[in-house]
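Visitor: Produce the entire structure from the sequences given, and follow the hints as far as they go.
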Amino acid sequence: MLKYLFAKEDDIPQGSAAIFFAVSSIAWFIIGTGLGSFNAAKLAFPDMFHGLYALQFGHMRQVHVHAVIFGWIAMAFAASMMYITPALGNTKLWSEKLGVWNCLLYNIGLCLALALLWSGITSGREYSDHIWPIDLYIAFIMVIPWCVNVWMTILNRRTQGIYTTNWFFAGSMLMLVIVFLIGNMPEFLHLTGLNEAYMTWWFAHNVLGLLITPVAAAITYYIVPKITGNPLYSHRVGHLHFWSIVVFYSTPAAHHLMSSPLPEWLKSFASVEGVLILVPAVAYVCNLLLTMQGRWAMFVENIEIKFTITGVLLAIPLNMQGGFQQTRAINWYIHGTGWIVAHAHLALLGFSTFAEAAAVYYGMQVLLRRKLWSASLANFHFWMLLIGFSLYWVSMTISGLIQGAAKIYEVPYVDVVIAEHPYMIVRWLGGTMVFFGNITWLYNMIMTARAGDPVPVGRQPAEVAYTR
Amino acid sequence: MAFREYRIGCIMFGIALSLSMFITVILPGLDISSRSSTKAALEKQLTYGWETGFNYYDPFLQGKDKPIKVTLTKDPATGAAIDKTDAYVFPAGTHFPSGLTHDNILGDAVQKASVDLGKVGLADETKGGVFVVSSTANDTPYIEYATATKGWNVDATLKAADEQFLAGSGKTMFVREGCWWCHTLLPEQTQDWQSFGRPPLVGDFNGESPTTFGSDRKAPDLLHVGSRNSSREWMVMHFFNPRLVQPHSIMPRYDYLWGDVDIDGKPIDLAAWDEHYLEYAEGAHVYPPEVPIPAADSEARMLIDFVLNLK
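Each protein sequence line maps, in turn, to chains L and B. Residues in the first sequence are numbered consecutively from 1, following this note's numbering. Residues in the second sequence are numbered consecutively from 1, following this note's numbering.
Check the hints yourself; a few may be wrong.
[Said to hold, decoys possible] Computed beta-carbon distance windows for the label pairs:
no.	chain 1	residue 1	chain 2	residue 2	range
1	L	A405	B	K112	27 to 35 Å
2	L	P317	B	M12	29 to 37 Å
3	L	T159	B	K64	57 to 65 Å
[Said to hold, decoys possible] Some residues of chain L that are not near chain B, with every Cβ distance over 12 Å (derived):
no.	residue
4	K8
5	S390
6	I398
Since the hints were derived computationally from the structure, they do not count as laboratory data. Cβ coordinates follow ideal geometry from the N, Cα and C atoms, glycine included.
Guide: This is the structure:
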């Protein structure tokens with residue numbers, strides 16, 4: 001890949017940037033989930049790695065979070081955008097060279113950012129932990145060149161209209177830049193007090209709601225019609241999804257701080273807007289599941305559809321939790337407990353990871369023009385991910401309910417820790433399954449690039465999946 | 001953008017997002033910024049100084065550029081006995097918290113009292129100084145620049161102090177070591193107060209950065225922990241190896257914050273300690289090995305000071 005850094009634009013094969021991003025994202029997924037499993041082990045058995053002072057829990061916890069968000073999720077998004085946007089515009093990526101440079105500088109920046117967090121150099125703000133020089137690097141070197149590539153590809157499209165997926169890509173990237181720069185204002189301008197606390201969660205909410213959720217949804221809007229051959233059930237419902245994301249998803253940030261001393265009007269407003277998140281959620285899930293009409297066999301037979309639709313189905317509990325758990329009636333019970341940890345993993349490891357994994361599987365096959373090396377290994381990966389995630393989700397939900405009950409009954413905290421112990425072990429087990437599943441995925445992808453059967457010109461990988 | 005609909009769509013998008021930003025950023029910002037500081041907020045600002053996360057003056061989060069909190073029972077200037085008083089010593093060059101350098105942080109009444117009665121306008125970062133938190137007759141808290149009002153200078157105050165708390169540097173350790181990933185600093189407004197004490201008020205945070213509320217509670221809330229447990233001996237054992245005082249704790253050991261030597265200058269050998277501890281855990285010894293007392297300038301001491309100061 002590095003040989004293309006100084007090549008002429010015309011000499012760089014189409015899809016190079018997407019492949020570079022895709023392979024990087026899988027590597028970061030392995031690193032991120034490996035760290036997650038490592039951290040989870042310490043929550044079950046605190047002295048397990050005693051003596052490894054360089055890898056203290058308080059330092060590695062945020063490295064795990066940022067490795068999966070910036071490494072896996074965001075880079076898988078970049079990979080998807082770099083091949084889906086031109087495909088939907090019937091054109092080439094605006095600049096492969098920019099894309100390749102973008103990916104290289106992205107990886108370098110991420111290594112630097114994680115190394116700083118690892119050594120404890122942090123802003124002390126959850127999800128915006130990076131220090132402000134790194135924030136500026138992320139915004140101007142990692143994100144804006146990526147945006148420019150996506151926007152210019154859409155502007156230079158050779159189709160009349162813009163398909164749903166591309167509005168989401170373009171709009172989300174614009175919102176990401178705005179959210180990232182405004183959300184880090186406390187660091188740039190040294191805002192203090194509740195403003196700082198509120199802006200921290202404003203950022204955390206919006207980076208999930210205006211980047212991760214809509215882009216993951218946009219990917220499924222592409223993958224499902226493309227692979228099943230069915231047209232999207234309804235573009236109008238797609239419009240409803242897009243506009244309700246912009247209007248409703250960008251407003252409930254304060255519902256992350258329902259039990260803190262924020263102004264009451266702000267908490268009430270956020271709570272009502274939070275329930276309205278169900279509008280885009282229901283529109284989206286219905287639209288995708290109805291697109292599957294008559295093609296449900298592919299949910300079993302086709303690996304990309306299996307991943308995508310699992311992601312869409314996981315969006316149902318995700319949004320039902322998300323819509324209601326932030327209301328005052330429920331929030332006081334589960335706030336700050338393992339329930340929320342489970343919910344966050346349902347969003348990132350459930351819904352969005354399954355959608356992105358599908359996009360990376362499909363993109364690698366299309367761009368390399370090679371059939372997946374092993375369908376069995378891909379199925380193994382799917383089940384490791386799904387079972388591992390489920391163990392994690394169920395165990396953390398239960399441990400959250402234990403913590404919630406302990407709030408009412410004023411149990412000494414150590415009894416909560418004792419009661420949670422078995423669930424901490426299950427959580428570790430689940431995370432470890434995801435980690436090992438991802439290693440087989442990387443192996444499968446490397447073998448696909450080296451030894452996968454070529455896909456004939458004009459055919460889709462899905463059409464030849466079972467031919468030898 | 002070929003279609004008229006796309007132009008209209010872009011405009012609608014801009015309007016929708018701007019409105020959303022106005023409601024969720026500008027309005028809350030105006031409301032929160034208009035809230036007056038409580039006494040707790042003034043104490044926190046004077047304890048933690050300017051900024052606790054990454055900043056120019058302490059880029060590696062070593063606890064630099066922080067004030068020292070002291071307790072006094074005699075007047076540093078005259079030597080006369082006084083009621084027990086907390087004073088906040090800013091050695092020359094220590095950066096002041098936002099409340100002292102910006103006039104829009106404390107709230108109007110508090111700001112006015114701090115300037116008129118507390119003489120904070122005379123304070124100068126390059127010279128340092130000593131501050132206390134006082135109240136007016138109608139209970140408005142304000143910051144008093146004791147160097148100007150009482151003649152307490154930095155050296156005399158440190159000398160006259162009964163106790164010194166490096167709580168500001170300790171908060172740096174709290175942020176750097178990620179304590180707040182498990183311990184919240186936010187008793188919730190619903191059920192929590194029975195176990196963890198009074199939830200904070202809206203004006204308790206003015207000028208503090210970062211607030212480190214924490215979100216994912218895996219351990220007790222610490223906002224008032226110093227009121228529940230004020231034993232330094234317990235804290236020393238607990239930070240060195242939590243299992244010494246709480247066998248079921250899942251907290252990591254923070255023995256590496258002790259540094260190379262203990263308070264008597266004796267070298268600390270963590271590996272040897274651990275070996276002895278494992279033998280004890282297997283029943284070979286009746287007592288666990290002795291926990292070294294942290295040196296006066298050790299990071300462990302800073303962190304313990306911070307926790308004990310959370311009243």
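Visitor: Which earlier hints turn out false for this structure, listed by number in ascending order?
Guide: 1
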